[in-house]
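Participant: Protein sequences, first through last, are from chains Y and U.
In terms of my numbering, the first sequence has 53 at position 53, counting the first letter as 1, and numbering is strictly consecutive.
In terms of my numbering, the second sequence has 152 at position 152, counting the first letter as 1, and numbering is strictly consecutive.
Hints are not guaranteed to be accurate.
To spell it out: a stretch of chain Y is covered by chain U in this simulated footprint if at least three of its residues, at any positions, have a beta carbon under 8 Å from a beta carbon of chain U; those stretches are [what the hints assert, rightly or not]:
id, segment
1, 91–105
2, 115–124
With a cut-off of at most 20 Å between alpha-carbon atoms, the simulated SDA-like pairs for lysine to any residue come out as follows [said to hold, decoys possible]:
id, chain 1, residue 1, chain 2, residue 2
3, Y, Lys217, U, Thr16
4, U, Lys142, Y, Thr118
5, Y, Lys217, Y, Ser106
6, U, Lys226, U, Thr242
7, Y, Lys217, U, Leu59
8, U, Lys61, Y, Ile218
9, U, Lys21, Y, Ala7
10, Y, Lys28, U, Arg113
11, Y, Lys217, U, Lys54
12, U, Lys166, U, Phe196
13, U, Lys61, U, Arg113
14, U, Lys61, U, Thr87
15, U, Lys37, U, Glu232
16, U, Lys166, U, Gly71
17, U, Lys54, Y, Ile129
18, U, Lys21, Y, Gly222
19, U, Lys142, U, Glu124
Keep in mind the hints are simulated off the structure, nothing from the lab.
Every residue gets a Cβ at the ideal spot worked out from N, C-alpha and C, and that includes glycine.
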Amino acid sequence: MGSSAIATVRDMGMMGKFLYLSILGLFKRPFRFMALIKEIRIIGANSIAVIFFTGAFAGMVLGLQGYYTLRKFGSEGMLGSAVALSLIRELGPVLTALMVTGRAGSAMCAELGIMRITEQVDALECMAIDPFRYLIAPKFLATLISVPLLTLIFDVVGIYGGYLAGSVLLDVNPGSYFGGMQQSVDNQDINLGIIKSFVFAVLIVWISTGRGFFVHKIRAAGFGAESVSKVTTQAVVITSIAILIWDYLITALML
Amino acid sequence: MSEQIVQLINVVKTFTSGSGKQQRVLDEVNLTIPTGKTTVIAGGSGQGKSVTLKLMLGLMKPDSGLVMVDGKNITKMGHRELNDIRTNFGVLFQGAALFDSLTVFENVALPLRERTSLHQKDIEARVMETLKQIDLVGHEDKFPAQLSGGMKKRVGLARALQLEPKIILFDEPTTGLDPVKTMEIYRLFFKTQNQFGYTSIIVSHDIPRIFNLADQLVILRAGKMKKFNSFEEIQCSDDPETRSFVRTTMGNIYQSKQMEAEQ
Numbered sequence: 001m002g003s004s005a006i007a008t009v010r011d012m013g014m015m016g017k018f019l020y021l022s023i024l025g026l027f028k029r030p031f032r033f034m035a036l037i038k039e040i041r042i043i044g045a046n047s048i049a050v051i052f053f054t055g056a057f058a059g060m061v062l063g064l065q066g067y068y069t070l071r072k073f074g075s076e077g078m079l080g081s082a083v084a085l086s087l088i089r090e091l092g093p094v095l096t097a098l099m100v101t102g103r104a105g106s107a108m109c110a111e112l113g114i115m116r117i118t119e120q121v122d123a124l125e126c127m128a129i130d131p132f133r134y135l136i137a138p139k140f141l142a143t144l145i146s147v148p149l150l151t152l153i154f155d156v157v158g159i160y161g162g163y164l165a166g167s168v169l170l171d172v173n174p175g176s177y178f179g180g181m182q183q184s185v186d187n188q189d190i191n192l193g194i195i196k197s198f199v200f201a202v203l204i205v206w207i208s209t210g211r212g213f214f215v216h217k218i219r220a221a222g223f224g225a226e227s228v229s230k231v232t233t234q235a236v237v238i239t240s241i242a243i244l245i246w247d248y249l250i251t252a253l254m255l
Numbered sequence: 001m002s003e004q005i006v007q008l009i010n011v012v013k014t015f016t017s018g019s020g021k022q023q024r025v026l027d028e029v030n031l032t033i034p035t036g037k038t039t040v041i042a043g044g045s046g047q048g049k050s051v052t053l054k055l056m057l058g059l060m061k062p063d064s065g066l067v068m069v070d071g072k073n074i075t076k077m078g079h080r081e082l083n084d085i086r087t088n089f090g091v092l093f094q095g096a097a098l099f100d101s102l103t104v105f106e107n108v109a110l111p112l113r114e115r116t117s118l119h120q121k122d123i124e125a126r127v128m129e130t131l132k133q134i135d136l137v138g139h140e141d142k143f144p145a146q147l148s149g150g151m152k153k154r155v156g157l158a159r160a161l162q163l164e165p166k167i168i169l170f171d172e173p174t175t176g177l178d179p180v181k182t183m184e185i186y187r188l189f190f191k192t193q194n195q196f197g198y199t200s201i202i203v204s205h206d207i208p209r210i211f212n213l214a215d216q217l218v219i220l221r222a223g224k225m226k227k228f229n230s231f232e233e234i235q236c237s238d239d240p241e242t243r244s245f246v247r248t249t250m251g252n253i254y255q256s257k258q259m260e261a262e263q
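Okay, chain Y solo, but in the shape it has when bound (with noise of 0.2 Å):
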C-alpha cells in the first residue's frame, strides 16, 4: 500500500520531468525538420483516412438521433446547429484524439519501448545526442500540429455527415441545417474545440512517449518485449481516460 504510494508519486515526478524536458527539447538545436515532416506523415496524414470515415458516420449518427429526437418538439430545423455544435464543441476534440490515441500514440509508445530496451536510447546518451531533441520534439511538435487539422477535417465531414443523414436521407430543409448552423455557432464555440484539441495533442504525445521511453523504470511492467506491450496498452488506457477527464475540466471552466 504505502509503496504503491511511493512508486505512484514517483511516476508522476518523472512523467513530470519528462514534460518539462522534453518542451526543453523543442527549443534545442538543430532542428530536425525532416524528421518533423516525417512523423506528421505517419502521425497526421496516415490519420486521415481514419478520421474521415468516423467523422462521417458520427456525423451521420448524430443528424438520424437529432432528427427524431427533435421531431418530437416539432424543431427539426434546429438538426443543423445540433448537429455543428456537438461536433465542434465535444465530439470532434475528443473522437479525433481518442482516434489518434490508438492508432499513432500507442505506436510511438511501441517505438520508444523498443529502442529503450535495445540500448538505442543509451547509445544516443552515449554519443551525447540529447534523445529529446533527437527523438522527442519532432513527435511533439508533429502532435500538436497535426491533432488540430485533424479535428478540424473531422468537423466538417462529420457537418457534411449530418446534412447527408438529415437532409438527404430524410427530410430537412438543407436551407435551415446550415442556415441554423451560422446562426448558432460563433467564435467562443470554435475557439472551445481548437483549445481542446490541443491540450489532447499534449496528453498524446506527453503520456505516450513518456511510457515508452521510461519503460524500463516501470516495475509493475516486467521486463523485455512484455514490459513493452504492457506500457503500450497502459499509454492508451491513460490517455483515453485523460483525454475524457480534461474534457470535461476545460468544458467547465470555459462554458
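Based on these hints, arrange chain U on the given structure of chain Y.
Facilitator: Frame of chain Y; chain U shown alone:
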C-alpha cells in the same frame, strides 16, 4: 591528459530485485584505467560488469563513491557537463544497439551528422572509408535487421570510432559469435587501436582468449574487484577465490605445475 583516464573510488551500487531484496552489485570498488592501454573486466553473468560501464558513462549514478573521468568527478555533474564528458567515449553495446530504422550508412554517419558540422560530402567519404576498413562495403543500404551478429558488431564499432574518442567501451564484444567471427572482431580491434590509439575497456566472459588482449585484467566477483597485470598472475594466484574462478572458467585448458602438484 593524466595517466589514469578513468577512476572508480569506493563505488557502491545496490539494486532492489523484484521481490524487494537488496543486492550489492558493487561493494566499495576501486579501479583505475591507465590511458592508452587495454583493460579487461571479466566475471560471471550478473556480477555487475555492464553496471561498471554504465557508471563510467554517467548513465547510472553510484549510491556512494566517486567516478572520475579525465580528472573530473562525474557523479555530481549536470546534463550538459555529462554530454561534454561523453564526447570522450565511444561505446560498442552488447547487442550493438544500432538504430533499427536507419540503414548501415545512416547509423555510421549519425554521430558525424549530429555532432559535427561536416558537409554531406565529407561525411559520405569518411563513412565509406570506415566501411571499407571493416569490410562492409556493399552493405551500406541494408538495415540492421538484415545483418548477421558479427556484422552488427562491426557496424557498432565503426559508429563508435567516428568521433575518434579517447576511450572505447566494449560491452561483451564477442558474445554470441562463433570462434572465426570472434577472431575477426579481435583483429579489427587490434587494427583500430593501433590506428587511433584509444584507451579500451572490455567487458567480457570470453575467457581465457580475451586475456591475450589485455594490459590489465580485472576480475569482478561478489561485488569486489581484483586487479592483475597478466594472465599468468591470475593463473598462479594463491587467493582461493581467484583459484576457484580460474578453475570454473578455464577448466583443464591450462595446467600449471602448481595445479598438478595440488592434484
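Participant: Indicate, hint by hint, whether the structure satisfies it.
Facilitator: Hints, one by one, checked against the model:
| no. | hint | result |
| --- | --- | --- |
| 1 | 91–105 | violated (count 0) |
| 2 | 115–124 | holds (count 6) |
| 3 | Y:Lys217 with U:Thr16 | holds, 12 Å |
| 4 | U:Lys142 with Y:Thr118 | holds, 19 Å |
| 5 | Y:Lys217 with Y:Ser106 | holds, 18 Å |
| 6 | U:Lys226 with U:Thr242 | holds, 9 Å |
| 7 | Y:Lys217 with U:Leu59 | holds, 13 Å |
| 8 | U:Lys61 with Y:Ile218 | holds, 18 Å |
| 9 | U:Lys21 with Y:Ala7 | holds, 16 Å |
| 10 | Y:Lys28 with U:Arg113 | holds, 15 Å |
| 11 | Y:Lys217 with U:Lys54 | holds, 16 Å |
| 12 | U:Lys166 with U:Phe196 | holds, 9 Å |
| 13 | U:Lys61 with U:Arg113 | violated, 29 Å |
| 14 | U:Lys61 with U:Thr87 | holds, 18 Å |
| 15 | U:Lys37 with U:Glu232 | holds, 18 Å |
| 16 | U:Lys166 with U:Gly71 | holds, 14 Å |
| 17 | U:Lys54 with Y:Ile129 | holds, 16 Å |
| 18 | U:Lys21 with Y:Gly222 | holds, 16 Å |
| 19 | U:Lys142 with U:Glu124 | holds, 16 Å |
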